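If you read the protein sequences in the order shown, they are chains A and B. For the first sequence, the positions run 1 to 203 when this note's numbering is used. For the second sequence, the positions run 1 to 203 when this note's numbering is used.
Since the hints were made in silico from the structure, they are not lab data. Note that the coordinates shown come from a computational prediction; the quantities given were computed from them, not determined experimentally. Any given hint could turn out to be false.
[To be verified] Straight-line Cα separation of at most 20 Å, SDA-like style, residue types lysine to any residue; simulated pairs:
1) K90/B <-> E61/A
2) K2/A <-> P78/A
3) K22/B <-> T159/B
4) K90/A <-> M1/B
5) K137/A <-> A109/A
6) K90/A <-> L57/B
7) K137/B <-> R113/A
8) K137/A <-> E123/B
9) K90/A <-> R81/B
10) K2/B <-> P87/A
11) K90/B <-> P78/A
[As the list claims (entries may be wrong)] Taking beta-carbon pairs under 7 Å as the criterion, some of the chain B residues facing chain A (in silico):
12) R71
13) I76
14) V127
15) D129
16) W130
Even for Gly, the Cβ is constructed at its ideal location relative to N, Cα and C.
Listed below are the residues making up each chain.
Protein chains: 2
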Amino acid sequence: MKIIETKAAPNPRRVRIFLAEKAVEIPYEEFALNIKNIQSDQFASLNPMRQVPILVLDDGEHICETMAICRYIEEIHPEPRLFGETPIEKARIEMWNRRVELGLFFAVAQAFRHLHPKMSEREVPQVADWGVANKSKAIQRLGLLDERLRETKYLAGDTYSVADITALVAVDFMAAARIERPQEFLGVARWYEDVSARPSAAA
Amino acid sequence: MKIIETKAAPNPRRVRIFLAEKAVEIPYEEFALNIKNIQSDQFASLNPMRQVPILVLDDGEHICETMAICRYIEEIHPEPRLFGETPIEKARIEMWNRRVELGLFFAVAQAFRHLHPKMSEREVPQVADWGVANKSKAIQRLGLLDERLRETKYLAGDTYSVADITALVAVDFMAAARIERPQEFLGVARWYEDVSARPSAAA
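Based on the provided sequences and hints, a complete structural model is requested.
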């Protein structure tokens, strides 16, 4: 097995943190996400969506999509459970993971893709108005997470889960998208200090 | 248990098809997605993200997010398995479901939200250039699904799965977004005829 990834990109970091929490080691192979490589036939043959990370199994099958990779790892290395154990735990974690992904993470990514000069070749057309709109959306959605994190230790409740990994990577990605985290989000601040102090956060 | 939904919206339809495939009946309660209701405190208390569908459990807990609801149903009514059974089946289905969601479904939704006059109060600001860009993205991503469906019966392989439900709803949603399905996508056409003939498609 190996993982084809790009060290600096946010989605591969989600997988690295996930593996670190489970103390599972899989070799990484760096793929430079420049426009020439992205447009290459080789990349399309690795993943027709032209995205990293890609988990390459020993029989050569490729599993793409961050959450599909993490779920596969959870199946073959169940402990500690980062997607939950009982039906209701699993539902809560999935709900919060998606709220973070489709809310905060997505808005930050859109702001980055549509406003950052270095994305001009990869996001065509860049639509600056859409990028600007997503800066506000990101703050609004971070505010919803803040309300939650004033009440619970982690996003899905008492236990650290994949939803916290997605949120940590999204919050750190805000710097690249030039979105400042509001000081008054005390729930997020308390949680951020906690999750970013875990050894896995350095992965 | 009950499901709060909006009959005409695409995400609630994903849950209805999912339940129909499992022959599980849960009562539905209609929520009118007009701007007054969306902005109401009542809706925020049901779901801070202000989205449908919402699964209300017998103890009053709310499970939001379409995929969290479907996964919860899969846990308590496992057969027929729509998320797969073995680790590799689960990974393939999750990969394809996400490729459809984050690719086609998302692009169609953005085109609809940013170009349709009736969304002007709900998507603020509407960014027409972004809506137009997503019409092209939707066709490009449908083309990737077409390549797959020329090779396999269903998206994740030989067996119908939640990825096909997401794709069927996304393809039908193209009409509302005024995106025409290219005639030359013969793989999609063959698959569409198959999945839309299943009784669940009428759900």
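A quick look at each hint next to the structure:
1. K90/B <-> E61/A: Distance of about 14 Å is within 20 Å: holds.
2. K2/A <-> P78/A: holds, 19 Å
3. K22/B <-> T159/B: Holds, at roughly 14 Å.
4. K90/A <-> M1/B: holds, 18 Å
5. K137/A <-> A109/A: Holds, at roughly 11 Å.
6. K90/A <-> L57/B: Given pair K90/A, L57/B holds - Cα atoms ~14 Å apart, limit 20 Å.
7. K137/B <-> R113/A: Judged against 20 Å, a Cα distance of about 15 Å means the pair holds.
8. K137/A <-> E123/B: holds, 11 Å
9. K90/A <-> R81/B: Measuring from Cα to Cα gives roughly 16 Å; hence the hint holds.
10. K2/B <-> P87/A: Holds, because 17 Å separates the two Cα atoms, which is no more than 20 Å.
11. K90/B <-> P78/A: holds, 14 Å
12. R71: holds, 5 Å
13. I76: The hint holds - I76/B has a Cβ within 7 Å of chain A, the shortest such distance being about 6 Å.
14. V127: Status holds, d = 5 Å.
15. D129: holds, 5 Å
16. W130: holds, 4 Å
No hint from the list above goes unmet by this structure.
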